[in-house]
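Under full-length UniProt numbering, the first residue of the sequence shown carries the number 1, and numbering increases by one thereafter.
Heads up, a few of these hints could be off.
Said to hold, decoys possible - List time: in silico DSS-like cross-link candidates among lysine-lysine, alpha-carbon distance up to 30 Å:
id	residue 1	residue 2
1	104	151
2	136	154
3	154	104
Note that these hints are calculated values from the structure, not bench results.
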Amino acid sequence: MQAIKCVVLGDSAVGKTHLLNSYIANALPGKTIPMVIFDYSVTVMVDGNPIDLCLWDIGEDKLEYVRFLFLRYQSVHIFLICFSVVNPASFENVRTKWYPEVSKLSPTALIILVGTQADLRNDRETIERLRESGLKPVSRAQGLAMADEIKAAKYLECSAVTHQGM
Numbered sequence: 001m002q003a004i005k006c007v008v009l010g011d012s013a014v015g016k017t018h019l020l021n022s023y024i025a026n027a028l029p030g031k032t033i034p035m036v037i038f039d040y041s042v043t044v045m046v047d048g049n050p051i052d053l054c055l056w057d058i059g060e061d062k063l064e065y066v067r068f069l070f071l072r073y074q075s076v077h078i079f080l081i082c083f084s085v086v087n088p089a090s091f092e093n094v095r096t097k098w099y100p101e102v103s104k105l106s107p108t109a110l111i112i113l114v115g116t117q118a119d120l121r122n123d124r125e126t127i128e129r130l131r132e133s134g135l136k137p138v139s140r141a142q143g144l145a146m147a148d149e150i151k152a153a154k155y156l157e158c159s160a161v162t163h164q165g166m
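Could you build all of it, start to finish, from the sequences and the hints given here?
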């Protein structure tokens, strides 16, 4: 069976672990424990063929460990670079932190840009909190433009809470 290694990266608290828990177990945990590295394998069907999908959820503070892993195991096929659509700073970090890191460590890997917490984009309290700071949620158009800028193969938006885009 073919194995595909997928690493999920992004700022802390953007919903990476919730995304994986929602995808793998179809459930959202009540409280997420910050990850060092979460390694999970699941079999998925692609074009009628079974694929062993190895998912790595890597905590933001473990970037040095990530660099070590890539020097040793340069076999990552896909990077999911995640940001929260209601955290503009995490969106900007795609450009300034995560994409440069990925392109340096594994320039041939496929990149998928993922806007998480999409259910909060229209949440009144969230919009008000952002407005008070002079900010707005990241729009789908901005996400698509960023995907083009970083040469991502795809741009997706999802919500681990509502399972939108899962």
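These are the hints, each one checked on the structure:
1. 104 - 151: holds, 14 Å
2. 136 - 154: Holds, because 23 Å separates the two Cα atoms, which is no more than 30 Å.
3. 154 - 104: It holds: about 20 Å lies between the C-alpha atoms, which stays within 30 Å.
Checked against the numbered hints above, the structure breaks none of them.
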